[in-house]
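J.: One-letter residues, chain by chain:
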Amino acid sequence: MRWWQAKKRDEDLVRELQSDLDLEEEEQRERGLSPEEARYAARRAFGNSTLIREQTRAVWNWNWLEQLVRELKYGTRTLLGSPGFSLVSVPVMALGIGATTSLFTIVRAVLLRPLPFRDPSKLVMLYEHFRQSTGGDGFNTVAPGDYRDWRNQSRAFEDMAAMRGYGGILSGVHSELPEVVQSAGGSANLFPLLGVSPVLGRTFTSAEDQPEGTPAVLLTWSLFQRRFAGDPSIVGKQIHLDTTPTTVIGVLPSWFTYPDARIQFWLPYAQTFSPGDYGMHDGHQSMVVARLKPGVSAEAATREVSTLQYRIHLAHGSKPVAEDVWFRPMIDDLAKNVRTPLLVLLGAVGCMLLIACLNLTNLLVARSAARRKEVAVRGALGGSRLVLIREQMTESLLICLAGGVAGLLLSLASTYWLAAHWRNLPRADSVHADGWVLAFTLALIVAAALLAGLVPAISSTGKGMLSGLREASRTVGGGASRARLRKMMLTAEIALTVVLVISAGLLFRSFLHLRTADLGCRVDHVITMKFGLPEIQYNTRDKVVFFHQSLLERVRRLPGVRGAALVSTAPGAGPSGDRVFTILERPAPSYSLQYDATALTADPQYFSVMQIPLLRGRVFTEHERLGNDHYIVVSKRFVDQYFSGGDPVGKHVRVGWDTKPEVYEILGEIGDTVFDVTKPVQPAMYFPILSGIPDQTTEATIVAYTSVDPLAMSMPIQQQISALEPELPVYNALTMDQILGKTTASQGFVADLVLAFAALSLLLAAVGLYGVLSYLVTQRTPDIGLRIAVGAQRSQVLRLVLYDGLRPALLGLVLGGAMSAGATQLLRSMLYGTGPLDPATFAAAAAMLMAVAALACLIPAWRASRIDPMQALRTE
Amino acid sequence: MEKRNGLLQGTLDMLILRTLLSGAAHGHEIGKHIQRTTNDFLQMQHGSLYPALHRLEKRGWVTAKWETAPDRNREFKYYRLTNQGKKQLVVEESQWKQMAEAVARVMWPAAGES
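The listed protein sequences derive, respectively, from chains A and B.
Note that the working numbering has the first sequence beginning at 596, numbered continuously upward.
Note that the working numbering has the second sequence beginning at 1259, numbered continuously upward.
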């Protein structure tokens, strides 16, 4: 039997029942009953023929389809019958489902989807670990010497490859169109190890992967398209990198944007080192990726390399060489900075969706209460409970389906926006919706529909269903259990809202903290600009110092500039390299305990221009220049950490440069500046930039304190630079405000998003509260009217209703507060300058929630107190 | 299955099949026959009878055909046992017998042994 034969079969059934009914009637008549009595007797004997028909039809399994169609029809009709309800609930569900889908899309792309490499689950990143290290997570970048020893002396892994971030000035063969770009160095085996083949040309050979190998470069797809217009003939030709003619040997595929999309080209790993540095064990800058052997665990393989590293450590006792090797799966390594924020955001949208569901449940309960009589009548006529439940479920399913489809469209549009505006989101280019995302959304729709529909459906068709028939409008008790149910859901809704509001409050507070963070220097009216002199031309101290000196003189003469200075890296603009050192007057207690500080270079006026306070001694003068450069200025943190706060002036430090250590005298102590507002202050030492050592001072940032809008000074200063060196590119022309904004952008982004979700949830909770209370007041109108009629004061009525509404709110607040205390522990790593239990935030969130709740309750309460008793009693 | 006169679903199926063994009958006749034969002990509920008939038809144990009744000048839907239905009746009968014997042994142990 096919379902399209359903109609025929149904007609057949009706005919069968009718013929048998007629027969029964005939037989009754034959027994001597009157025709009328006979008909009634036959009907009685037969029972509910509609029910028989339905039950018989249920035998044939096309029944479910018919039912579904009928229920969908019915559901659509009831929804269209109350457009206001649909107009409120569908967008709310769309927002909830859309936001959750978007976040899931990103989480899937960033955290879950395997990396696009060959057998990616076998790839791990290796790091060095210093047992004495205090700051950071213990994962240290690797020294090239260590990496080479691991690779040559250990068979624990199938293979390992090294890479490092690098920079460079790219220009044409005639030095035209110079631009400063980010690049990376990769060992010859890196691309084969990852399973990446170039789309054009080849990857590096081992002969090229030597410090003095033939210069070769691999272009990324984006650079190939952007700068060379996708012209394949560039392969084999030369371009200039830092003025060195370099052969383009190949182009990488467009999907290869590892480790991040800003990298424009790759150089052979070894060529990013000088021959002396390539074997060093105490300069750490490289990332090592290793491929596991089949059947060997990452732990076991790493243990073997770690043993080897400990031998290297022992062999270089006096140098900063790590004792251990740690590993991290490559996929976790890539997402390490975004994992927590992503999960926090996913949690936030999940909460919001749950709140939206609870709100829908509440609205549906109210509707089912309004349809109580209808349901009761249908139940009395033999409608099965299952069918009635299913029918109410269809309604919530339709809402969730409409909301889900709208949400999916919303999320398709917003996900790209989200991924594009999230600074430094790894694998952002791989964010796109796929089958999994679609399945996730479907599951979300079904779960939401079940959650929102089941409670009202079950509660309205329960044992007391038939009491709806007896219920007169004066009865107050009838809706009591339903009201209790709604209040319970309201409590849950408010508790969730509290968690969201408190989390958002904490995140926002730390963001504000970051924005107003003390960099330790002047922030207003300062413009900074980076440049790097090509070391090929600027190969002597005199040349470098001449450039720096002339530039400073020119910029200082500009109208609108109050002061100008040079520094290697401006405060807040990111980390600079570290150097290890020993203090001659205070030898370290043990060889393994390494003294280590950020190394910066600065000119004499830097400290006064940037208002960095001088605490002891003096800063550089014009005399500490060229060969007379063995003087340093140290930061307060440096003194606190290595001199226990004692007087450092006149003491000497021996700094281990790449090859030979040199001794410097400490001239003075200055205030701390931070390199990244989200990170703790590091000890720093400043070397004179006017030493002109090409290796250390060609990369510089000019900072200018202006009397006018600092951005307006960026062009005049750039003109001064090009007047001295026409082809020198200038980059990162940023005001200090912008630098602060850049480092705090992603924190601000997350805080803004969570805040938006929290605000929305608050609105939803308020609407829910208002809805429940309005419903209660309407239901109790006769009761309240009676109370007023027998002498209750309006203020008493107001209090009564307010109390009714605020009690679940208060309960939710307490519950939510307790939940937040647990939830905010997960936020700990994202908080700055505030603890996860910040009482001010908790108090503010509670006060705000109570204010919103009171406002939502006030309108129905006021309406209740205005009830005209005569009217209320008469309308029954 | 709802309980009706304590009649199990499978039992009703068996009774219907047994009734049809003696020839084709329409729904009303089947109901009446069972009721009469059991001296009105089993009150036939139409809400169980028709679904049961259709279930048997769907399983292929009976066929249905509209035929004119010999004593009335109208068509009724007559159900007729198929060969498959006859086999099924044998199976159900033996199952029922085993069941009844088993129950009897528990209920009246002495009578069973003596």
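Derived from the structure by calculation, the hints contain no laboratory data.
Remember, predicted model here, so these are calculated numbers, not experimental data.
Just so it is clear, CB atoms sit at the ideal spot from N, CA and C, and this is done for glycine as well.
Treat the hints loosely; a few may be bogus.
Lysine-lysine pairs mimicking DSBU-like chemistry, simulated, CA-CA at most 35 angstroms apart [what the hints assert, rightly or not]:
no.	chain 1	residue 1	chain 2	residue 2
1	A	1138	A	931
2	B	1344	A	668
3	A	931	A	1231
4	A	602	B	1344
5	B	1355	A	602
6	B	1335	A	888
7	A	603	B	1323
8	A	603	B	1345
9	B	1323	B	1344
10	A	1231	A	1138
11	A	1125	A	888
12	B	1316	A	602
13	A	1138	A	1246
14	A	603	B	1344
15	A	668	A	914
16	A	602	B	1323
17	B	1355	A	603
18	A	1246	A	1231
Facing chain A, from chain B, some residues (calculated, C-beta under 7 angstroms) [stated by the list, open to error]:
no.	residue
19	1282
20	1301
21	1304
22	1308
23	1309
24	1313
25	1334
26	1360
Far from chain B by the CB rule (all over 10 angstroms, computed), these chain A residues [as the list claims (entries may be wrong)]:
no.	residue
27	640
28	644
29	653
30	1041
31	1104
32	1109
33	1252
J.: Compare the structure with the hints numbered earlier in the document and write down the numbers of the violated ones, lowest to highest.
T.: 1, 2, 5, 6, 11, 15, 17, 19, 20, 26, 27, 28, 29
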